[in-house]
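Chains A and B, in that order, give the protein sequences. Going by this note's numbering, the first residue of the first sequence is number 1, and it counts up by one from there. Going by this note's numbering, the first residue of the second sequence is number 1, and it counts up by one from there.
One or more of the hints may lead you astray.
Straight line, CA to CA, 25 Å or less: simulated SDA-like cross-link-like pairs of lysine to any residue [unchecked claim]:
id, chain 1, residue 1, chain 2, residue 2
1, B, K440, A, A203
2, A, K393, B, R444
3, A, K152, A, K113
In silico contact screen, one side only, chain A against chain B (beta carbon under 8 Å); selected entries [claimed, not checked]:
id, residue
4, G149
5, K152
6, E153
7, S163
8, G165
9, G242
10, D282
11, P297
12, G323
13, I340
14, S397
15, D398
16, E400
17, F403
None of these hints come from the bench; they were simulated from the model. It should be emphasised that the depicted structure is a prediction, and the values quoted were computed from it without experimental measurement. By construction, the Cβ of each residue, glycine as well, lies at the ideal position given by its N, Cα and C atoms.
Protein chains: 2
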Amino acid sequence: MANFSEFDRIFHPRGVAVVGVSSDPTKYGNMFFSGLIEADSNVYPVNLKEKEILGREAYPSIKDIPHDVDYAVISIPASGVPKVIEDCGKKGVKAVTIYTAEYSESGTKEGIKREKELVDAAKKANVRIIGPNCIGICCPSGRLSFFPGTPKEEGDVGFICQSGGHAEEFAYEAESWGITFSKIISYGNACDVNCEELLAYLAEDPETKIIGIYVEGVKDGRRFIDTLKDAASQKPIVVWKGGITKGGSRAVASHTGSLAGSPEIWSAVIKQSGAIMVNDRDEFADTLSAIRYLSRPSGERVGIVGTGGGASVASTDLCEMNGLSVPLLEEKTMEELGKIVPPLGTSVKNPVDLSYFLMQNFSLLEECTELVAGDPNVDILIVHIGHLGRMVKFRPSDIEIIFEALIDTKEMMADKFPKKPLVVILHPAGSMNVEIEKVKLKKRLVEEGICVYPSISRAARALSNLASLEIEVE
Amino acid sequence: MANFSEFDRIFHPRGVAVVGVSSDPTKYGNMFFSGLIEADSNVYPVNLKEKEILGREAYPSIKDIPHDVDYAVISIPASGVPKVIEDCGKKGVKAVTIYTAEYSESGTKEGIKREKELVDAAKKANVRIIGPNCIGICCPSGRLSFFPGTPKEEGDVGFICQSGGHAEEFAYEAESWGITFSKIISYGNACDVNCEELLAYLAEDPETKIIGIYVEGVKDGRRFIDTLKDAASQKPIVVWKGGITKGGSRAVASHTGSLAGSPEIWSAVIKQSGAIMVNDRDEFADTLSAIRYLSRPSGERVGIVGTGGGASVASTDLCEMNGLSVPLLEEKTMEELGKIVPPLGTSVKNPVDLSYFLMQNFSLLEECTELVAGDPNVDILIVHIGHLGRMVKFRPSDIEIIFEALIDTKEMMADKFPKKPLVVILHPAGSMNVEIEKVKLKKRLVEEGICVYPSISRAARALSNLASLEIEVE
């Protein structure tokens, strides 16, 4: 395994070469190159024929670049890759990302043989390989990006992602989760640099506070477990394991050529290691943002404040189905609630149902949440907001008032109950215009550091995962 | 139990009275009244003091209305309700909705006693009660609506909903599911008219093709089972049972005062009856729209077409975790796919991964879907679309092209494989602008009769529910 400083050099290279850049902006070589220019990297195009690409001098070989180059991205047909690796070795390049595919993941003898040749060439040249069949590294602090438009903001979530597609999509999507990344690494077939090495690096990396992993298969199960356990004792880790079913494992074979293991083994291994295991894209996102924005609660008892009896019943069911509990409040709390919540069609038990009185007096939200949060039976707060459709249609200004009431509630919680996490649910709204207003409202709330979920189910899963965590974020 | 024509008169009344209408537009009496005016109902306000409300002559008592009145909505303090019921009897009113709360759901002796008095008054007056503690009936063909803004379009889904909040919210929200309603009935505490009677009515109702139920508790379990079984043999039925957990059952007690039963009993009962049981709001919506728009597949084997290796692996896992399977395609199908899908970084196994070639040639979507749908191993088609963020940012016109490619694919399927359901996934997109574009794209696709889901998980659950159905929609 490489040591920390060797890896850190790769993520913060003095210069970067892109081998296989054409002038065609729809080709991947060009996209990598443009992305690195946009990220303000010291990036050099390598192309046998062109003299200049996008205003930068092009070189026929990486060896001809008259600057330090620590990292290269290779996007040329497979047959030429071993020679480029040899040249990289001569140039002193530490690591290459190989975008080129048709290696072991193709399942063909030729593909497997080609991948073996890569590994041999890399060993001989003393160059580390990321991939093949991947998009490599995005690291804002190292001015490395995948493509034009990849977020540039330095964040604190490190994301190890075997799939290039997920790596790219999540890079864009994470804005809506309120997440920014320290590093994203798409490592494809993992013929050399693997999940465990990357995990050990991120565990040590001071830029990374939380680690997310999308992994399809590992080649050395024991080593993966040990590394995961070690890393999970230092930082919160969320693992999404692709290929957990019979069919999924077959799909993995044609995607990254990895072995997949059985669902039972994976589930047991990940949980025992102290990491959180999630099952889909939404749960991955929701759990990361819960860890990013919320304190770890001291228990699993949820206090719920919102409107609607049906919504109260459903919220309770969905919390309890996801391993949380919705306890009765103390008599004293209910008495205090009773003094501010009118009795008709409401409830001051848990969930607290403010019914339509909320729409008449939005400050009830903060007042009731404070009373519920003060109850010793409650560890976690859920505030759920429905009837956005009616608001947008009849009293659009209510959207602004609800925004302010939620901000007040969040500030009150941060001030008075910093150890009790608060999440907000914006229930589905309906018509296109209302949905668009909801997207806008959600963005503003996320920008204020509030965890917003689109359903009780998703919130309850994320909160249950958060409550299972054994360590705090640094 | 009332017979069909007695009930049908209530849903298509000659005249409607609203008892307790004030001039204050934020009061519920006024909202019911305004909603019924907007729905073009023959509606009459009853108010002791006012002579005219919203330009309509007001009457001091229902008995003073000089027109036929078959149905009344009562929104006055509990103490006055028995007298109004007595008057309704004298006027020949068939049924009343009682919005007023603080009956059995309050859990107090007084509340329980008040509810008993209601039942006695109704029996004596020969008037049926819907509620109390509910918002009653929405029936576009009968010009009955809950409130201003309640959808007026006549649809074919009948929705029996114990919760008023869910009834109102779903009335608005269903636009985004592509669903319109024949009837929505919020029936609250069910002191008289109950879920079983309503179910028997909708089973017979020619306007209703599909039935959705949100039920918290029933008072006669045996009768509920028998009615459900009978109705489920005639029409597809989706049941969301609120109060299935310990905490949820406690919440039910303070919401509609019903007994809740244990989760095991409910789950077994509903499945045995031939109805579909769902666990949350999203699954309820997703399943209803799957039944509404898709043919019942002849099996559970899914063919998947989209982009991204990681997305392919995840799709497969999530289908199989939800009881579907993702089989290998026949050699012949893969050969045909291989002729049109370039080999690099793609897959022609199932899932078919078009990688970035899709972005270069969107007609691959229809062509590949046709080949996969023609495979005898495939019963259901999922098309999933990612990278919307990149499209919106760099080639906004791609959104239009993808819309057209999806319409072509849908038309091809309807034409050549009418028995194989097709659903479309629009993966999460990220930035606010992209999310807004996605909301718009989804709306257009839903208007074209395409089932669109926001994640593979939600699609897989809905499809699995659809596949479990034992009867077709009429």
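**Message:** When the structure is checked against the list of hints, which entries are broken? Sort them ascending.
**Reply:** 1, 3, 5, 6, 11, 12, 13, 14, 15, 16, 17
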